[in-house]
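J.: Put chains B, C and D on the given structure of chain A with help from the hints.
Chains as they are written, first to last, in the numbering used here: chain A, 32 to 139; chain B, 32 to 139; chain C, 32 to 139; chain D, 32 to 139.
Simulated from the structure, these hints should not be mistaken for lab results. Among the hints, erroneous ones may be present.
What the hints assert, rightly or not - With a cut-off of at most 30 Å between alpha-carbon atoms, the simulated DSS-like pairs for lysine-lysine come out as follows:
(1) A/131 with D/131
(2) B/137 with B/36
(3) B/36 with D/62
(4) D/36 with D/131
(5) C/62 with D/62
Said to hold, decoys possible - Simulated restraints, written as ranges between beta carbons of each label pair:
(6) B/119 with D/85: 26 to 32 Å
(7) C/130 with A/119: 21 to 27 Å
(8) A/92 with D/85: 30 to 36 Å
(9) B/82 with D/129: 25 to 31 Å
(10) D/120 with B/119: 29 to 35 Å
(11) C/135 with D/130: 46 to 52 Å
(12) D/128 with A/62: 19 to 25 Å
(13) A/92 with D/130: 47 to 53 Å
(14) D/32 with C/85: 49 to 55 Å
(15) C/92 with B/97: 17 to 23 Å
(16) D/130 with B/132: 42 to 48 Å
(17) C/118 with D/61: 27 to 33 Å
(18) A/61 with B/118: 27 to 33 Å
Where is the CB? At the ideal position from N, CA and C, for every residue including glycine.
There are 4 protein chains.
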Amino acid sequence: MPTNKEIAAFEAGIKLGVLYHQFVGSPVSSKTADSLERAIKESISLQPYVRSVDVRIDRRMLVENAFGYGELEGRMIFAEVEIDYRGETVRARLEYDPDKNYPLMKLI
Amino acid sequence: MPTNKEIAAFEAGIKLGVLYHQFVGSPVSSKTADSLERAIKESISLQPYVRSVDVRIDRRMLVENAFGYGELEGRMIFAEVEIDYRGETVRARLEYDPDKNYPLMKLI
Amino acid sequence: MPTNKEIAAFEAGIKLGVLYHQFVGSPVSSKTADSLERAIKESISLQPYVRSVDVRIDRRMLVENAFGYGELEGRMIFAEVEIDYRGETVRARLEYDPDKNYPLMKLI
Amino acid sequence: MPTNKEIAAFEAGIKLGVLYHQFVGSPVSSKTADSLERAIKESISLQPYVRSVDVRIDRRMLVENAFGYGELEGRMIFAEVEIDYRGETVRARLEYDPDKNYPLMKLI
Numbered sequence: 032m033p034t035n036k037e038i039a040a041f042e043a044g045i046k047l048g049v050l051y052h053q054f055v056g057s058p059v060s061s062k063t064a065d066s067l068e069r070a071i072k073e074s075i076s077l078q079p080y081v082r083s084v085d086v087r088i089d090r091r092m093l094v095e096n097a098f099g100y101g102e103l104e105g106r107m108i109f110a111e112v113e114i115d116y117r118g119e120t121v122r123a124r125l126e127y128d129p130d131k132n133y134p135l136m137k138l139i
Numbered sequence: 032m033p034t035n036k037e038i039a040a041f042e043a044g045i046k047l048g049v050l051y052h053q054f055v056g057s058p059v060s061s062k063t064a065d066s067l068e069r070a071i072k073e074s075i076s077l078q079p080y081v082r083s084v085d086v087r088i089d090r091r092m093l094v095e096n097a098f099g100y101g102e103l104e105g106r107m108i109f110a111e112v113e114i115d116y117r118g119e120t121v122r123a124r125l126e127y128d129p130d131k132n133y134p135l136m137k138l139i
Numbered sequence: 032m033p034t035n036k037e038i039a040a041f042e043a044g045i046k047l048g049v050l051y052h053q054f055v056g057s058p059v060s061s062k063t064a065d066s067l068e069r070a071i072k073e074s075i076s077l078q079p080y081v082r083s084v085d086v087r088i089d090r091r092m093l094v095e096n097a098f099g100y101g102e103l104e105g106r107m108i109f110a111e112v113e114i115d116y117r118g119e120t121v122r123a124r125l126e127y128d129p130d131k132n133y134p135l136m137k138l139i
Numbered sequence: 032m033p034t035n036k037e038i039a040a041f042e043a044g045i046k047l048g049v050l051y052h053q054f055v056g057s058p059v060s061s062k063t064a065d066s067l068e069r070a071i072k073e074s075i076s077l078q079p080y081v082r083s084v085d086v087r088i089d090r091r092m093l094v095e096n097a098f099g100y101g102e103l104e105g106r107m108i109f110a111e112v113e114i115d116y117r118g119e120t121v122r123a124r125l126e127y128d129p130d131k132n133y134p135l136m137k138l139i
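So here's chain A without its partners, still in its complex pose:
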């Protein structure tokens, strides 16, 4: 039987996986990053056991193509979720790791 803490960790992983693979690829620019951040935050907030979500798109990483916009990439996203499963809480973060060149997800 998993502990409540393990279940909370599992739920945190789900949220970051969903956040990433639902929204990566969305057309985005510095003008629309606000509305995309907000939609991601509200969308993930709906999921079970979520106490809070923070989502920020790094505007400095937005690369514009010839048409003046780009696509949301995983490495542009900073996100934190706090999960509360039956009183056990965990926090997890998605953040670009420049050393690994990888959008790393971890429990914090």
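T.: Positioned in the frame of chain A, the structure of chains B, C and D alone reads:
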């Protein structure tokens, strides 16, 4: 050589295909439908040759699961895009067709 | 500091979240379910700490539209992942729960 | 009223938009590119009015992260679709344009 009108029609198809497959599956509820609509609208507006985009999520079709939210499904979306390619304009619509039980995309 | 077991649970959650939100929405029919299952399985197998992945699409739930195909929905997917994080293993499952009408993810 | 040729062009646009935004972001490596290509090809083949689909993932562009895999990016994809709408056929292509640094979709 395709005509400018055919290219405009092609571009309209791209936009509806993107809109649908980027955002369908997003967690959504009646409380968050506003921010999701807005993010979709702004995101698609960035793409080449888009003159206008209208996106509405049919709140009556939002089905809540045991956790109080649902997922965006294609049949919940009404969307219209207007494309202008070198002066030739086309309009296209995504709308649920209850007879076909299909989220139909068409030039209008 | 999270335990290795908690990290393994977190990683399991990520994999199921990714699997679900990357592939739900894909056009699929009874003829193409095999190749989609295989692609999902191989894709998720690449992710860190995955020891095994099983993915099955429930053919009985495939609903064909007027054009003879459907879309992959979460409730059609049965998936199990086994994670090994530094010797600690966990198993997690995605399976449709008819009572909750929800594609439930859980540690098993 | 749109012409059949314009409708065929519209349908071609939909297919490329779907292909791109459904599958970009999938974990992929040189070992799994085959199964992903096949799943994409079969999935898009199901859609209305598709006569043929060709999909190739450029293995040379696959960038492996610290964990030995990467994610499918739009610029890695070469795709062609042939649409037949009531006897009118069009062909469209998705191909990376290095000058624009953009995965360009066009009628050919």
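J.: Looking back at the numbered hints, which does the structure fail to meet, lowest number first?
T.: Violated hints: 3, 10, 13; rest satisfied.
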